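S.K.: Working from the sequences, and respecting the hints, build out all of it.
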Amino acid sequence: MQPASAPEREAIVYFRDHDDAHYERLSGKPPVDEELVNSLVAKRSLLRAQRRYDEADVVKAAVVAMGVTIVDMRGREAWYVTPRHSRYVDDQPEISPAEATKKPWRDLGPRGHDYSRTGGGAKGKAGQVSLGKIDDLLAARLMAKLRANFELADAKRDELESLGVIVCDETKQWRADGLPFESTLAAAKEAAAAADEYVRGPGDGDADAPDLDTSLIMSLLTARLTAKRRRDFARADAITATMRAEHSVVVDDRRKAWRVVRLYGEYHRVGGKVGKAEPKIGALLTKLTACRQPWWSEEPGAAEAEADSILSELAAMGVQVDERSKTWKRPRRTNEEMAAAKAAGPQSRSSDMANVERQGSVS
Numbered sequence: 001m002q003p004a005s006a007p008e009r010e011a012i013v014y015f016r017d018h019d020d021a022h023y024e025r026l027s028g029k030p031p032v033d034e035e036l037v038n039s040l041v042a043k044r045s046l047l048r049a050q051r052r053y054d055e056a057d058v059v060k061a062a063v064v065a066m067g068v069t070i071v072d073m074r075g076r077e078a079w080y081v082t083p084r085h086s087r088y089v090d091d092q093p094e095i096s097p098a099e100a101t102k103k104p105w106r107d108l109g110p111r112g113h114d115y116s117r118t119g120g121g122a123k124g125k126a127g128q129v130s131l132g133k134i135d136d137l138l139a140a141r142l143m144a145k146l147r148a149n150f151e152l153a154d155a156k157r158d159e160l161e162s163l164g165v166i167v168c169d170e171t172k173q174w175r176a177d178g179l180p181f182e183s184t185l186a187a188a189k190e191a192a193a194a195a196d197e198y199v200r201g202p203g204d205g206d207a208d209a210p211d212l213d214t215s216l217i218m219s220l221l222t223a224r225l226t227a228k229r230r231r232d233f234a235r236a237d238a239i240t241a242t243m244r245a246e247h248s249v250v251v252d253d254r255r256k257a258w259r260v261v262r263l264y265g266e267y268h269r270v271g272g273k274v275g276k277a278e279p280k281i282g283a284l285l286t287k288l289t290a291c292r293q294p295w296w297s298e299e300p301g302a303a304e305a306e307a308d309s310i311l312s313e314l315a316a317m318g319v320q321v322d323e324r325s326k327t328w329k330r331p332r333r334t335n336e337e338m339a340a341a342k343a344a345g346p347q348s349r350s351s352d353m354a355n356v357e358r359q360g361s362v363s
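Under the numbering used here, think of the first position of the sequence shown as 1, with each following residue one higher.
Errors might be hidden in some of the hints.
Said to hold, decoys possible - Under the rule of at most 25 angstroms between Cα atoms (straight-line distance), these lysine-lysine pairs were calculated in the PhoX-like manner:
1) K172 to K123
2) K276 to K329
3) K280 to K329
4) K29 to K60
5) K43 to K326
6) K189 to K123
7) K273 to K329
8) K287 to K228
9) K287 to K43
10) K133 to K123
11) K60 to K326
Claimed, not checked - Computed Cβ-Cβ distance ranges for the label pairs, DEER-style:
12) T171 to A193: 17 to 25 angstroms
13) G178 to D72: 37 to 45 angstroms
14) K276 to E35: 33 to 41 angstroms
Treat the hints as calculated values from the structure; they're not laboratory data.
Because the structure is a prediction, the values reported are computed rather than measured.
Even for Gly, the Cβ is constructed at its ideal location relative to N, Cα and C.
M.R.: Here it is in structure tokens:
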């Protein structure tokens, strides 16, 4: 929910990129469902205007999964399925002098990249892969990075690593001998030492995970810190999401601690215990998570209305929900506050809900 002090912005209209459909046909790709993409992109734009960025990211992920790229550059908002740099028919496209000076068109040598090989002979899967295949992946990854398509660059890096090829961007080198780069090894050692400083704190999900593999959590924590030291924040965020979704573990970097929480949908509790009301609160939060998903309702506005109704009911129970951190709490209320809430009845729900919307980050 957006803060009450931040008025809703006007949603930006996105159009399909000029000539994208034409080059889609030339490439022989199956036609994208343009009506569906326009609908999803418009929904994402509306969520961004309402500052509901987490929900907007969920919609964007669905669009990206369809092979669609969204451009958010101000004044040039658009979407497309055919990369702009590939839109030519002849082998040698005409490039203007101004375009030729841009990074993606710079001369990267006959291999299409400026990475050099180091280390010993190829081992494992890498020994069965041609140098041409590796060059193609390195070139594709570099081109994606130069065009700021970091999702594609990460995908190409993962593909290289699945083949046993390790890349070091710091030294512009790659190797396939099964050994890590010194800088990577040093970063991993530093991350492992830093991970050892994190301690497990008590969590309300401890009883639900009596056989939790602590060593697995520490390895994930080490991998997350390694990614952050390499400034690979996308991978660090992915590991954080995995720890939360698969192991119900949340990390507090400020306190250097981690704990197991009880998840209700996407939400976990902070603050003191709640008591008998928690099962009902949990059911409402689980339902709130479900109605945030794109598939919840085909009727426009139905999901938003359902979410507002759930938040209103939670607010009437004294529950404060933080949409950004996906946390909830129920501060202890005085007898006077309980009596006032009961006397006000349903009329107090709208004001209580406004208080929920004004919530900042919950520590």
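S.K.: It remains to establish, for every hint, whether it holds in the given structure.
M.R.: Hint check results:
| no. | hint | verdict |
| --- | --- | --- |
| 1 | K172 to K123 | 21 angstroms, holds |
| 2 | K276 to K329 | 14 angstroms, holds |
| 3 | K280 to K329 | 14 angstroms, holds |
| 4 | K29 to K60 | 21 angstroms, holds |
| 5 | K43 to K326 | 21 angstroms, holds |
| 6 | K189 to K123 | 24 angstroms, holds |
| 7 | K273 to K329 | 9 angstroms, holds |
| 8 | K287 to K228 | 33 angstroms, violated |
| 9 | K287 to K43 | 20 angstroms, holds |
| 10 | K133 to K123 | 16 angstroms, holds |
| 11 | K60 to K326 | 19 angstroms, holds |
| 12 | T171 to A193: 17 to 25 angstroms | 23 angstroms, holds |
| 13 | G178 to D72: 37 to 45 angstroms | 40 angstroms, holds |
| 14 | K276 to E35: 33 to 41 angstroms | 48 angstroms, violated |
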